[in-house]
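A.B. asks: Protein sequence lines correspond, in order, to chains A and B.
Positions 2 to 164 (the working numbering) are the ones given, in order, by the first sequence.
Positions 257 to 827 (the working numbering) are the ones given, in order, by the second sequence.
Only true hints are included.
Just a sample of chain A residues kept apart from chain B, beta carbon distances all over 10 Å, derived: (1) F10; (2) Q15; (3) P20; (4) A30; (5) L33; (6) W46; (7) D67; (8) G102; (9) T107; (10) S125.
Quick list of the computed label-pair ranges, beta carbon to beta carbon: (11) R138/A - G449/B: 51 to 57 Å; (12) G558/B - G99/A: 50 to 56 Å; (13) Q356/B - R138/A: 24 to 30 Å; (14) R40/A - A756/B: 53 to 59 Å; (15) L141/A - E366/B: 23 to 29 Å; (16) E516/B - D135/A: 48 to 54 Å; (17) D16/A - K447/B: 56 to 62 Å; (18) R517/B - P28/A: 37 to 43 Å; (19) R9/A - D500/B: 29 to 35 Å; (20) R517/B - R40/A: 25 to 31 Å.
Bear in mind the hints are in silico, worked out from the structure with no lab data behind them.
All C-beta atoms in this analysis are idealised placements derived from N, C-alpha and C, irrespective of residue type, glycine included.
For reference, the chains in residue letters:
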Amino acid sequence: MNTRAAMRFVDAAQDPWQPPSDAVAVPFAHALLSLDQWRATRNEWPASAPIGVVVANTVDVEVLTDDLPRWSLVALQFPKWTDGRAYSQARLLRARLGYAGEIRATGEVLVDMLPLLQRNGFDSVLMRPDQDLDAARRALRFFAGHYQGDLIQSRPLFARIEG
Amino acid sequence: MYSYTDFDRHFVKARAAQFRDQLQRHLAGQLGEEEFRPLRLQNGWYVQRHAPMLRIAVPYGELSSRQLRQLALIARRFDRGYGHFTTRQNLQFNWIPLHQAADVMDLLAEVDMHGIQTSGNCVRNITSDAWAGIAPDEAVDPRPYCEILRQWSTLHPEFAFLPRKFKIAVTGAAEDRAAIGWHDIGLHLHKNGAGEVGFKVLVGGGMGRTPIIGTVVSSFVPWQEILVFIEAILRVYNRYGRRDNIYKARIKILVKAEGERFVEAVQREFRTILHNDAGGREHLIPQAEWDRVASHFEIPAGVRAHAAQANDADPAQGDVPLAYQRWLERNVHAHRLNGHRAVTLSLKRAGQAPGDATADQMDLAARLAERFSQGELRVTHDQNLLLPWVRTSDLRALWEAARQASFATPNIGLLTDMIACPGGDFCGLANARSIPIAAAIQERFDDLDLLYDIGDIDLHISGCINSCGHHHSGHIGVLGVDKDGAEWYQVTVGGSDGSALSGTAVPGKVIGPSFAAEEVPDVIEALIDTYRSNRVAPERFIDTARRVGVPAFRAAADAVRRATAHAEAAA
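Input sequences plus hints: build the corresponding full structure.
C.D. replies: This is the structure:
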């Protein structure tokens with residue numbers, strides 16, 4: 002758990018993940034479904050089609066255990082950037098449910114959330130369009146280490162001290 | 257005292273650099289006020305009535321003379337020459353311009369201080385018993401656990417945006433001097449039958465609009481498991497605490513609504529982390545870490561040597577002046593070590609707001625700490641400073657020096673040793689002013705003989721329902737309220753912080769409609785007179801208030817109504 006890939010900044014214009022629409026026939030690759038859409042159509046998707054699912058921050062992620070092996074992307078939501086529920090969801094997806102696919106932060110995602118997102122197991126972000134990419138990259142570089150363990154470094158400082 | 261490692265020092269500097277970056281983006285217009293606000297709050301910067309307020313963390317109230325001197329320097333250079341010690345053992349400045357904020361953070365970092373998590377919807381600075389490590393009634397010294405908790409809770413990534421603020425208090429003594437029942441989490445260290453150390457854990461206490469005393473969620477969590485247990489509590493709260501209504505967002509509302517289901521959810525989460533989660537056992541505290549941290553809190557060498565050979569004579573023996581006698585009685589406290597006492601420097605005196613200290617006074621207190629107390633001070637929950645390592649043989653000299661420095665008012669625990677928030681004079685949240693009320697009461701009760709006759713009493717004053725002045729837990733509580741744009745004061749009787757003197761923690765009862773500001777001193781006097789005429793020795797105010805009940809106090813207070821009686825007659 003110590004070497005998760007660097008944070009990826011999603012460019013909305015280049016993003017392959019698309020919600021179903023009338024223009025595209027279902028099933029298709031890189032479909033980004035709501036949880037209800039997934040539940041209604043889960044048997045219609047061929048195993049080869051990468052599936053992404055948007056999970057509201059009120060969902061108890063522990064009920065998703067059976068679905069996760071089928072998903073390549075979980076998009077967690079920040080309806081307001083100060084609503085911290087998705088941090089717990091991401092943490093549980095990684096540490097409790099062993100989910101190894103992409104966890105993406107969506108909604109009101111701001112520069113100064115980046116360190117928290119990364120430490121809780123997110124590996125991609127779709128920032129609010131007005132956010133500055135340089136400032137976001139800078140935000141990830143201030144701290145050389147932290148006291149408590151996280152999804153980047155599971156051991157707390159006291160377990161890392163030599164001796 | 258805990259002394260910073262290189263890691264700690266780098267960490268605080270990194271935080272200061274991060275804040276400077278955020279502040280610069282804000283000042284450059286790239287980060288709007290709404291989005292900057294939670295960031296500055298989590299670094300201790302509020303925007304108040306006149307200027308930003310900076311709240312500086314004093315971890316579990318422990319302060320070195322070097323740190324206090326730096327605070328004096330900041331007060332002089334950036335503020336208007338004074339600061340305010342709070343009920344949460346922190347220090348606040350009120351006049352520092354925001355554009356100088358990052359410079360002040362750098363100065364704080366020089367002495368291993370900061371404002372991290374002194375505000376915001378996160379785990380706040382941990383508070384504790386100001387007598388930690390020196391109290392004769394202590395079973396377990398809480399400071400090593402406080403420090404481990406401080407480190408664990410600092411910039412915890414999962415719990416930085418909780419539904420609401422989150423306060424943890426820790427004690428290890430028989431007497432509760434940290435008001436743990438009034439906190440989001442109250443931790444009481446004790447030993448079980450086998451002599452093992454663990455925590456009784458209370459959850460869901462809090463003041464504000466809905467005063468509630470914490471519920472016992474576990475009677476014994478082994479100390480090694482406490483970080484995991486708190487992680488479980490915070491995760492349940494982060495997931496299920498209300499976010500739709502700021503007044504119902506504290507954990508106390510969740511605990512009250514869910515009752516036993518909350519307790520079960522925490523226990524289940526705790527077990528799942530330990531037995532299921534990847535890395536779930538990483539935060540069990542190893543003995544080596546406890547040893548490392550505890551080594552910072554060993555008794556200072558000079559103290560140990562003196563305790564081994566001191567002759568612990570009664571300092572009040574012989575012919576001593578009455579003023580000294582009184583100071584010994586009120587401001588000097590028993591110590592667990594032979595030949596030592598703890599001494600309170602009173603920050604409650606005429607002409608200054610409760611808890612305030614000027615830059616000069618801070619320097620003087622630092623000097624007293626260096627001369628008499630191993631360079632160490634504590635900030636107490638009731639807004640005084642405490643010298644923890646004073647030799648009994650030095651008491652007379654300390655008294656003389658403290659008197660000259662205006663710290664020797666012999667009023668600790670008495671009516672004028674009141675708790676008060678800064679109130680409407682400074683605070684942007686306040687509905688009414690606290691300081692003039694405190695000053696008027698100080699003035700009314702300036703006779704020491706009368707104060708001694710009244711005896712032990714907790715008077716707590718808050719300028720608004722946020723309850724920074726802890727009015728709910730006062731034997732007499734005064735709460736500022738706004739009615740039609742005017743300042744009014746609701747008065748309660750019979751509250752308790754949970755100490756032995758005050759009894760089981762409980763909010764006070766309101767004694768009727770609010771009073772006008774100018775009536776408050778009369779009301780306090782009427783309440784005191786009611787006590788004095790009804791008491792049966794050796795009752796204190798709180799005992800009489802409980803036995804006699806609210807109606808007698810209410811009637812006495814109603815008898816001195818003027819403005820309110822008039823307003824009600826007109827209504």
